[in-house]
Amino acid sequence: MADTKTKEKKEGTRGGGKAELDGFSRDMLHWFLKQMLLYRRFEEKAEEAYAIGKIGGFCHLHIGQEAVAQGVVGPLRPDDYVVTSYRDHTQALAKGVDPGPVMAELYGKKGGSVGGKGGSMHIFGVDVGFMGGHGIVGGQIPLATGIGWAIQYRESDQICVCFLGDAAVNQGAFLESLNMAAVWKLPVIYVVENNEYGMGTAFKRVSALPVVDRAKGTGVPGHAVDGQDVMATWTLIERLASEVRKGGGPQYVDARTYRFRGHSMSDPVSGTYRSKKEVEEKKEEADPITILRDRLFEAKLLKQEELEEMDQAVRVIVDEAAKFADDSPLPTADDLYTHTYKEINEHGRLFLDGRDR
Amino acid sequence: MATITYREALNQALAEEMERDDSVFLMGEEVAEYDGAYKVSKGLLDQFGDRRVVDSPISELGFAGLGVGAAMVGLRPVIEFMTFNFSFLALDQVINSAAKMYYMSDGQVHLPMVFRGPTGAALQLSAQHSQACQTWYLHAPGVKLVTPATPADAKGLLKAAIRDEDPVAVMEGELLYNLKGEVPDPEDGDFVIPLGLAEVKREGGDVSIITSGAMVHMALMAAGNLEKDGIDAEVLDLRSLRPLDVDAILATVQKTNRVVVLEEGWPYAGVGAQIAATIQEEAFDDLDAPVLRVTQADVPMPYAKNLEQMAKPSADRVVQACKKVLYTD
Amino acid sequence: MATKVHMEALSPTMEEGQLVKWLKSEGDDVSNGEIIAEIETDKATMELVARGDGLLRKILLGEGGTAPVGAVIAVIAGADEDIGEFVSGDGAAAAGAAATAEPETKKAAEESPPEPESSTPPTAEEAAPVSPPDEAPATEEGDRIKASPLARRLAEEEGVELRDVAGSGPGGRIIKRDVERAAREGVPAAAPAAAAFQLSEADYEDVPLTQMRKTIAKRLVESIGPVPHFFLTVDVDMSRAVAARQRINAMLERDGIKVSFNDIVLKATAMALKKHPDCNAHWRGDHVRRFNRVHLGVAVAIDDGLITPVVRDAHLKGLSQISPEVRELAGRARDKKLKPDEYMGSTFSVSNLGMFGIEEFTGVINPPEAGILAVGAVEERPVVIDGRIEARPMMKITMSCDHRVIDGAQGSRFLQTLQAILEEPLAALV
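Chains as they are written, first to last, in the working numbering: chain B, 1 to 357; chain H, 1 to 329; chain U, 1 to 430.
Isolated chain B, as found in the complex:
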């Protein structure tokens, strides 16, 4: 893990305690670190489980992008909403979905957050405002817009955060959604997790403009932030959320990050589209956990034993999540048909496969 420069100090008293670094309290910063360690260890466990066949299908890991989840979701209120794409485990944990059900979902178990019906790409935690991982690139953007619409319709002061990958800004849904959000001043923050690549295609190869400029034609204000810097990300989102909450209309954030793994578990980490050297350098220089750790070390706000204790604690959480997943039963044949329709109409057949015969 590389050294990092001490960032410029910012105002703020976040965490409720006394400001220790950039306006964040020591407890707050420890919490950031612990959360990001949790995300990292959770994804590493998933990686391991995938390797031994406990997890199937697509599995998109968030390793390297933890600061975005923590810095964006952290400042939200519990009753705010988060919608994201299929790289969704970490955001779910950040919004408050328990690690056990998330892991069990990856395992395809009954105890999963959606009972084994969704898998890695479709984690939901509606009780904590996590409105799902969605599998089609850009498909979640109109949904977030609609949630923003509903908030405004009800004259509530909630907000909705929509995560999307950099590649999703090339979808029509992106343009259509930001346009409507701007026209109607909807309380939505669109956060691009700009990890530079859509699967195996560098963003700069498929966009004439950088990510941050892609909202310009819609009237939604755009911002760029170092998404590997959890404090910077938090600081920006905290400010934007406050403006949005007050009716200021939608916001757009280019959170610059990097993915240390392949697009999904079935894709190579590096190869034809990016070099091993590039990935290694990024891991060395831009690991969000290392960056925060080193700053805390530097500011003497973290001891090695505390870090080890922290890491040990999250490993216990992850192991428990894995155990929960292992112990959870498989869904049964009865579950196959449940939750297809909320309302089973009194007349007629909804299932045409002979089930209702």
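Read the hints as simulated data drawn from the structure, not as lab findings. Where hints are given, some of them may not hold.
Unchecked claim - Cut-off 20 Å, straight-line C-alpha distance, at most; resulting in silico cross-link-like pairs (DMTMM-like, lysine to aspartate or glutamate):
hint : chain 1 : residue 1 : chain 2 : residue 2
1    : U       : Lys339    : U       : Glu15
2    : H       : Lys255    : U       : Glu180
3    : B       : Lys185    : H       : Asp55
4    : H       : Lys255    : U       : Glu156
5    : U       : Lys146    : H       : Asp55
6    : U       : Lys58     : U       : Glu81
7    : H       : Lys180    : H       : Glu165
8    : B       : Lys185    : H       : Asp50
9    : B       : Lys283    : B       : Asp294
10   : B       : Lys204    : B       : Asp226
11   : U       : Lys337    : U       : Glu325
12   : B       : Lys342    : H       : Glu165
13   : B       : Lys246    : B       : Asp79
14   : B       : Lys185    : H       : Glu29
15   : H       : Lys255    : U       : Glu157
16   : B       : Lys34     : B       : Asp294
17   : U       : Lys146    : H       : Asp285
18   : U       : Lys336    : U       : Glu63
19   : U       : Lys336    : U       : Glu15
20   : H       : Lys305    : H       : Glu174
21   : U       : Lys21     : U       : Asp42
22   : U       : Lys339    : U       : Glu379
23   : H       : Lys39     : H       : Asp50
24   : B       : Lys282    : B       : Glu196
25   : U       : Lys146    : U       : Glu161
26   : U       : Lys317    : U       : Asp286
27   : H       : Lys255    : U       : Glu325
28   : H       : Lys323    : H       : Glu227
29   : B       : Lys34     : B       : Glu308
30   : U       : Lys275    : U       : Asp313
31   : U       : Lys146    : H       : Glu281
32   : U       : Lys21     : U       : Glu81
33   : U       : Lys396    : U       : Glu424
Put chains H and U on the given structure of chain B with help from the hints.
Relative to chain B, chains H and U alone:
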């Protein structure tokens, strides 16, 4: 009973449901200030204001998805497509979001919403504006679909669709908007037709014409022509295509032993294909003839008037099909 | 796609057919529906039509040859099509294989282990194989009977053997109306053309069986066979009939009609049957069907057998109609040119061997009919009249009755009526 148009019936249904439930709103192209491309939403902007009657940009994917998002957190959006032809732009949201959300979220998120607008061909609008879109919506489990044929059905079914807890596509008939018919007066109480109930629009004992939507009227015309030849055709209007009133289908098969399915769209994997499959699975021993289908010709809709007529299903073709299953052709 | 030409069942009872003549030669173009051969059935010479388009590529059954129903007797195919699978080996083998397919299936069914031994009489279903196994109408392709699902269900419910039913649907598909007709008529339904003599419900009355009738039926069948015959003979004084015949023939001479004694017997029989519908009846297993219309079967001797063309609605016809009609039917019967609907559907039959000088004989009932008259020669015999012996033209009529349908008294009353009509032809005017 008042005699009103199909358009007015839909308008009444919208107004009554919006009056009844503040979470219901109408969004779509031209629905507010312009009073709707087909004037279905005439006057609703004045009555309910621009919070609830909303002109959208021409962004079918965007506003369909917006509707889904709003329904995810409990609103009851009515999303109008100027025609369902344009909804193909929105199919990702219909199929990947609306149809699957309740299942994917294991029951955490349900979508009480309506997609509505006209389906099928009008007159000389050619290939991209003249297609029956039912099949696209029926193929994916999770979306319900109704196709009202009369003003009363339009009102009763749209109201039921708005109140349903799942996404319901209400596919109207472009050529039906001016159709007049008797509809119970609002003062006589809430008029709702449950989803999944077919209706025998004409009783008959010799052959069953199973159909829905605008085609019901063609079926009735064909039945009238058959009567002149001494053939007594039954016309079963399915009204809902999902849920599908299989009991009513089986009952009419058992009654007449011969079926012609009339549908506006193309044959391949169409509504008729499903109905024929269901009949042969469940009423095989009641059949005295193979189930025949009358559909649009298996080509895109042409523009030229004569070609268009050839491409569309016709009462004559229904008559011929009926005679064929009766072995009298 | 090659099309097999099968020996088709061209009469409902045909088991095999003889190829009389090929109307096409190998290499000729043939089209679907075109007549390609003449086949002699058990009843008549029938035309065989092609069931596909192409060239008549190979003839597998020569003229004069015989093949069972279902056998492949020729192949229709495109000019370049490989028909090796049909003609490999000798044609007879291929024909034989196709022909035996169905009987083999039947046999297997019959050979399946029987139910535990019991003295229960066979049910109708078990008894079914009594009928010839391959009474295969034209609806059969290979060993498959084409029938609508509904027709199959109805056939099962009605106890109708689909194999006995000819289909009127596309490609010979048996459909609802065919089964209904077969059930109604209690005889194998005729080919589509037979629609001409379709019965309506007004044409007959179904009489349920009383317990006594059931017992009589059961006991007599045990005693004498499936159709328990008994015989009644009456001696008819034909004096007035002879005189009447002379006058009638004088009248009809200019029309070229010559009425025979048999024609007079037919007319009288039809009139008597109309008065005694209990004798104009069919035995239908669980009920008796009495007909309001009289369709008289007239036995005609032909070179190698016997056929019974039908005079329809004989009770409505005068001698001037019956006489030429019988002559015409008999002529075509001898030429084997009768169509199935011309020899099916009779309600009662008459056989006459008078022309051979036979004084008296008995006829065998043609089921499901309930009676047949055996008519002898008209000849002068001494009879006692008012205490004096006189020579009179006499004719003996013996009626064979199915005792399940007709009891002695019923048959006798019918014969009394018949006798009265023949002895006083003026009765026809009353």
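Query raised in the report: Is the hinted pair U:Lys337 and U:Glu325 satisfied, with a Cα-Cα distance of at most 20 Å?
Result: At roughly 15 Å apart (the allowed maximum being 20 Å), U:Glu325 and U:Lys337 satisfy the hint.
**Report entry** Pairwise hint evaluation, B:Asp226 against B:Lys204, where the allowed Cα distance is 20 Å at most
**Finding:** holds, 18 Å
**Report entry** Given pair status - B:Glu308, B:Lys34, alpha carbons within 20 Å
**Finding:** Holds, at about 10 Å.
Query raised in the report: Holds or violated: are the alpha carbons of U:Lys275 and U:Asp313 at most 20 Å from each other?
Result: holds, 14 Å
Query raised in the report: For the pair supplied as a hint, H:Lys39 and H:Asp50, is the alpha-carbon distance within the 20 Å limit?
Result: holds, 17 Å
Query - Pair hint H:Lys255 and U:Glu157, alpha-carbon separation not exceeding 20 Å - result: Answer holds: H:Lys255 to U:Glu157 is near 17 Å, not above 20 Å.
Report task. Take a quick look at whether B:Lys185 and H:Glu29 sit within 20 Å of each other, Cα to Cα. Result -> holds, 19 Å
**Report entry** Pairwise hint evaluation, U:Glu325 against H:Lys255, where the allowed Cα distance is 20 Å at most
**Finding:** Between H:Lys255 and U:Glu325 the Cα gap is close to 44 Å, so the pair fails against 20 Å, i.e. violated.
**Report entry** B:Lys283 paired with B:Asp294 [C-alpha distance capped at 20 Å]
**Finding:** Given that 20 Å is the threshold and the Cα spacing comes to 14 Å, the pair holds.
Query - U:Lys21 paired with U:Asp42 [C-alpha distance capped at 20 Å] - result: Judged against 20 Å, a Cα distance of about 16 Å means the pair holds.
Report task. For the pair supplied as a hint, U:Lys336 and U:Glu63, confirm whether the alpha-carbon distance does not exceed 20 Å. Result -> holds, 17 Å
Requested in this report: For the pair we were handed, B:Lys282 and B:Glu196, check the Cα-Cα distance against 20 Å.
Outcome: holds, 12 Å
Of the numbered hints given earlier, the model fails hints 5, 7, 22, 26, 27 and 32; all others are met.
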